[in-house]
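So the chains spell out like this:
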Amino acid sequence: MRIARVYKKESVPEADATDLSLLDPLIKKYKGKKGNVIPLLQGAQAIYGFIPRAAFERISEGTGLPLSDMFGVATFYAQFRLKPVGKHIIKVCHGTACHVQNAKEITESIEEALKVKDGETTIDRLFTLESVACLGCCSLAPVMMIGDQTYGKLTGNEAVKVIKNIRLSENN
Amino acid sequence: MSTTVTVGLGSCGIAAGANKTYDKIKALKEADKLEFNLKKTSCIGMCYREPLVEIVDDSGTYIYGDVDPDRAIEVIEKHINQHDPIRDYIVYTDLFDAAENDFLNSQVKIVLRNCGYMDPESIDEYEARDGYKAIRRIIDEKILPDKVIETILKSGLRGRGGGGFPTGMKWKFARGNQSDEKYVICNADEGDPGAFMDRSILEGDPHSVLEGMIIAAYSIGATGGVIYCRAEYPLAIKRLNIALDQARQRGYLGKGILGIRDFNFDIYIKEGAGAFVCGEETALIASVEGERGMPRKRPPFPAESGLWRKPTNINNVETLNNIPWIVLHGAEAFARYGTEKSKGTKVFALAGKVKHSGLVEVPMGITIHDVIMKLGGGIKNNKKFKAVQLGGPSGGCIPEYLSETIVDYDSVNATGAIMGSGGMVVMDETTCMVDVAKFFLDFTCKESCGKCTFCRVGTVRMLEILERITNGEGREGDIEKLEELAYEIKNNSLCGLGQTAPNPVLTTIKYFRDEYEAHISHKKCPAKVCRPLLTYTVDPEKCTGCMVCLKNCPSNAITGERKQLHLINQDLCTKCGVCYSKCKFDAIILT
Chain E
0 MRIARVYKKE SVPEADATDL SLLDPLIKKY KGKKGNVIPL LQGAQAIYGF IPRAAFERIS
60 EGTGLPLSDM FGVATFYAQF RLKPVGKHII KVCHGTACHV QNAKEITESI EEALKVKDGE
120 TTIDRLFTLE SVACLGCCSL APVMMIGDQT YGKLTGNEAV KVIKNIRLSE NN
Chain X
0 MSTTVTVGLG SCGIAAGANK TYDKIKALKE ADKLEFNLKK TSCIGMCYRE PLVEIVDDSG
60 TYIYGDVDPD RAIEVIEKHI NQHDPIRDYI VYTDLFDAAE NDFLNSQVKI VLRNCGYMDP
120 ESIDEYEARD GYKAIRRIID EKILPDKVIE TILKSGLRGR GGGGFPTGMK WKFARGNQSD
180 EKYVICNADE GDPGAFMDRS ILEGDPHSVL EGMIIAAYSI GATGGVIYCR AEYPLAIKRL
240 NIALDQARQR GYLGKGILGI RDFNFDIYIK EGAGAFVCGE ETALIASVEG ERGMPRKRPP
300 FPAESGLWRK PTNINNVETL NNIPWIVLHG AEAFARYGTE KSKGTKVFAL AGKVKHSGLV
360 EVPMGITIHD VIMKLGGGIK NNKKFKAVQL GGPSGGCIPE YLSETIVDYD SVNATGAIMG
420 SGGMVVMDET TCMVDVAKFF LDFTCKESCG KCTFCRVGTV RMLEILERIT NGEGREGDIE
480 KLEELAYEIK NNSLCGLGQT APNPVLTTIK YFRDEYEAHI SHKKCPAKVC RPLLTYTVDP
540 EKCTGCMVCL KNCPSNAITG ERKQLHLINQ DLCTKCGVCY SKCKFDAIIL T
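Just so you know, the sequences run in chain order E and X.
Counting from 1, position 43 in the first sequence corresponds to residue 42 in numbering that gives the first Met the number 0; the numbering is continuous, with no gaps.
Counting from 1, position 319 in the second sequence corresponds to residue 318 in numbering that gives the first Met the number 0; the numbering is continuous, with no gaps.
Calculated directly from the structure, the hints in this document are not laboratory data.
Keep in mind that this is a model prediction, so the values were computed, not measured.
Any given hint could turn out to be false.
Stated by the list, open to error - BS3-like mimics (lysine-lysine), calculated; alpha carbons at most 25 Å apart, straight line:
1. X:K583 with E:K160
2. E:K163 with X:K379
3. X:K445 with E:K82
4. X:K379 with E:K103
5. E:K152 with X:K379
6. E:K103 with X:K354
7. X:K237 with E:K103
8. E:K103 with X:K254
9. X:K581 with E:K90
10. X:K445 with E:K103
11. E:K33 with X:K309
12. E:K152 with X:K373
13. X:K550 with E:K116
14. X:K296 with E:K33
15. X:K550 with X:K522
16. X:K581 with E:K152
17. X:K522 with E:K103
18. E:K163 with X:K583
19. E:K160 with X:K19
20. X:K254 with E:K32
21. X:K581 with E:K160
22. E:K28 with X:K583
23. X:K340 with E:K116
24. E:K103 with E:K152
25. E:K114 with X:K574
26. X:K141 with X:K153
27. E:K163 with X:K581
28. E:K103 with X:K550
Please put together the full structure from these sequences, using the hints given.
Below, the structure is given as structure tokens:
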């Protein structure tokens, strides 16, 4: 399930210190190639974790691609983020198998525990909560994924316990 | 013969902790210098018993289920060191009647012939299992492209991505269009929530997908190949990349394949960026070209003008996996399985409220009842089977009383569902069908690309009505309004997404109209899922007065003293369900 495509206007403390020179090899590699918009954006996101406005502008200057084209593509696909994310991204699966086995409870419990809504990031930038369409582990439903680790057959309480443990190990 | 221990390391196995099991066995082997081969494989389909460990020794084959690290120690100690297999943990064996023997024995494995039987990261093992033999035979016996296409046509293979278009016809069209460049695309953008067979195939048998593409390229005269794979499948992408490198080294890809001078063909992987609509052919092509993945008008069909306006052939992963087998064993062998118009086998991803969730491959023509009750082992927790959802967001729900429907394209279509890519989500009496329809519509509504007005706006309007109904604000005439909108959307959308998006609503109205009526007229949810339609009360028999619900109630609707019966004030209750999920004594009753 896709993250809300339209973002609320708010002053994101966008890093003035974004090091735009990191984009140069990427621009060099894809400049003038056909079908380059998606790889460019994927590359930029791999560098910064999201795509800052300044990166859009730099790529546009470097490649001649119109900003509108890039923004159009970036907002079309679920993969691209226009806001910074937390260190750990919690992906709660809301595929069909998880839905009929109460994935809603998982999301609600985490929302309550972290005091964020679906799609938001905690103030300490440790966690971002997301819903995804299907992680393909339907036999373990309901499922969530944090980093590379998949947690299956969850209940709301268990999901919160997992997150508390991650927070504990981060604080130590 | 030496003993071999194999651990299943597909995505679901890893999620169930198979890596820890593998590490444990490896540590045991090294610590005690045990003599056995330790190998990795992918998913064998028995997801509900993961992690799985297979031991093959002089006496036979044994598969152990639910092998966590502790159980691994036990199994290695008993089976390997003392030659004393632990019967209770064995789920499958060729020696005696084990718990899951039926599950594997009643399947016909054509597509999944290698999944779980070999190391997917080894081209040697693939070749040892007749891998790349089909393309070799074509080259060695100088079988002409037209002949290959004829074989595929004769086999009756139809597209396994959902459409069911004859694969041979597609190839014929692409071959018939002359161009200096042509493309073969593998559609691995498995976006259906609840379907995971393509992931398992790519993770378990990547080479056979490549071989299918190479044969397709030979047949239509393609110069370039693309695998469009979801970025959510990192393991599949990793194993595909390994397979591509190995295939290039052995000369199956690149310039002058297998010594044929003008047979040049290579494949690259394009990671999808997450858009369900990209499963549609023309949207997928737009996405490969780096644009927003919006469908284009057909005709011209991709076979005529596809990627970069060149003739393009797009096949689904499962379709391609059938190709080498058909070439090797002949069209007749394939057509022996199945029904008159649907030949061969179909892989289903069984999930939901079924005991044995996992992957099964069955011949076309088997009944849905047999898939769920025999292979699937019936319904979890002995609940009542209510319906099965086929075809994901484009499909529909088939009710229990139609479960004798056979699995083939035309019979499934007749129920209003579609075969789709093979997701089969089983539902029991605790699943609300209106809620399921709302779930799918919410999905298609978010995934609509926005090109056609009816799909873009119509799905939102339908969703609003469904939300109203599940919130207890349904009105007379809502069902008719839903139906009217549904037909308008179906008739006025350009691509498959819009044309099929209303199917989940239409089939649930057709088969479960009484549930809609209960929501609208009586403000009740028979399955007790839609919270605003429920009433929460405290069971005086069970309540211990522990105050947990009272403390957690966000609207202070619960009153009571410690160790005394609590009460819910219905005027204050917002029906959020917190008390129900927090109560440890099942003392909150839903009515």
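Measure nothing beyond the straight line between the CA atoms of K237 of chain X and K103 of chain E; if it is 25 Å or shorter, mark the hint as holding.
-> 31 Å, violated
Are the Cα atoms of K103 of chain E and K354 of chain X separated by 25 Å or less?
-> 22 Å, holds
Going straight from one Cα to the other, do K103 of chain E and K152 of chain E come out at no more than 25 Å?
-> 13 Å, holds
Mind checking the alpha carbons of K340 of chain X and K116 of chain E for me, to see if they're no more than 25 Å apart?
-> 49 Å, violated
Take a quick look at whether K296 of chain X and K33 of chain E sit within 25 Å of each other, Cα to Cα.
-> 22 Å, holds
Taking 25 Å as the top limit, are the C-alpha atoms of K445 of chain X and K103 of chain E close enough?
-> Roughly 17 Å separates the two Cα atoms, so the pair holds.
Taking 25 Å as the top limit, are the C-alpha atoms of K445 of chain X and K82 of chain E close enough?
-> 20 Å, holds
Given hint K581 of chain X paired with K163 of chain E - CA-CA distance at most 25 Å = 18 Å, holds
For the pair supplied as a hint, K114 of chain E and K574 of chain X, confirm whether the alpha-carbon distance does not exceed 25 Å.
-> Satisfied, since the Cα-Cα distance of roughly 20 Å is no more than 25 Å.
Decide if the proposed pair is consistent with the structure: K160 of chain E and K19 of chain X, CA atoms, cutoff 25 Å inclusive.
-> 21 Å, holds
K581 of chain X paired with K160 of chain E [C-alpha distance capped at 25 Å] | Within the cut-off at roughly 15 Å; holds.
Would the pair K103 of chain E and K550 of chain X pass a check requiring their Cα atoms to be no farther apart than 25 Å?
-> 22 Å, holds
The structure is inconsistent with the numbered hints 2, 7, 8, 15, 22, 23, although it conforms to all the rest.
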